[in-house]
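Residue 203 in UniProt numbering sits at position 203 of the sequence shown, with consecutive numbering throughout.
There's no promise every hint is true.
Stated by the list, open to error - Pairs of lysine to aspartate or glutamate, EDC-like flavour, derived with a Cα cap of 16 Å:
1) Lys-181 with Glu-195
2) Lys-14 with Asp-168
3) Lys-156 with Asp-191
Keep in mind that the hints were calculated from the coordinates and are not lab data.
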Amino acid sequence: MKKYNGSGGDSFFKINKIKYIKSALNVNDLIYTDLPEVTFLGSSNVGKSSLINALAFKVNIAQTSKTPGKTKTLNLFNAGAKINIVDAPGYGYARLSPKITASWGTMMNNYLSNRPNLLKAFLLINANLGYKKNDIEIINLLLWHSINFQIVVTKKDKLRSTELVKLDDIKKHVDELSQNKIIITSAKNGDGISELRNAISSLVFSAWS
1 MKKYNGSGGD SFFKINKIKY IKSALNVNDL IYTDLPEVTF LGSSNVGKSS
51 LINALAFKVN IAQTSKTPGK TKTLNLFNAG AKINIVDAPG YGYARLSPKI
101 TASWGTMMNN YLSNRPNLLK AFLLINANLG YKKNDIEIIN LLLWHSINFQ
151 IVVTKKDKLR STELVKLDDI KKHVDELSQN KIIITSAKNG DGISELRNAI
201 SSLVFSAWS
């Protein structure tokens with residue numbers, strides 16, 4: 001790739017607007033490019049779409065729903081023809097049938113195995129719900145595929161001051177599994193969004209240098 005010069009995550013995403021490209025039920029139907037790529041993973045109620053919209057400065061490019069588990073496809077976005085962003089379907093929602101849960105595993109294994117330009121997976125954990133068994137299983141999946149990953153805690157605004165200890169519990173469980181710093185965010189009030197933009201844009205700068 002040719003050298004790309006830029007400065008800061010906020011500036012990067014102001015210049016390189018996030019645009020929706022395509023949705024697919026199978027990685028083979030997802031457009032492949034030689035651009036660097038990141039993906040967002042998380043449970044069905046973790047707020048992935050809201051976080052992507054926050055990255056895009058509140059532009060509603062990712063559809064949100066009050067019904068967890070609504071997203072069933074791999075959703076491809078692009079930021080200024082510099083990096084691809086994939087919003088993966090949520091996992092672990094109780095109302096999903098075992099058949100759908102199994103198909104999710106097949107979809108994600110195929111995705112993680114067939115995207116050579118995937119630089120990092122951002123694993124989202126709901127601050128209010130904390131670290132769950134499903135999250136452990138996804139971390140093990142990422143480790144098995146040797147995927148670089150970073151924990152992003154969402155919905156910090158949902159915590160009362162007396163519940164902030166939940167954040168310490170998440171850090172305690174995942175610090176030893178990921179070498180990347182945990183990012184604590186709120187799509188509603190903007191906490192941590194600039195830090196997340198920086199994490200993504202730094203990947204772009206490294207890939208294009």
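Here's how the hints hold up against the structure:
Restraint check for Lys-181 and Glu-195: satisfied, since their Cα atoms lie roughly 10 Å apart, inside the 16 Å limit. Simply put, Lys-14 and Asp-168 have alpha-carbon atoms about 32 Å apart, too far for the 16 Å limit, and the pair is violated. Taking the CA atoms of Lys-156 and Asp-191, the gap is near 8 Å; set against the 16 Å cutoff, the hint holds.
Hint 2 from the earlier list is the only one contradicted by this structure; the remaining hints agree with it.
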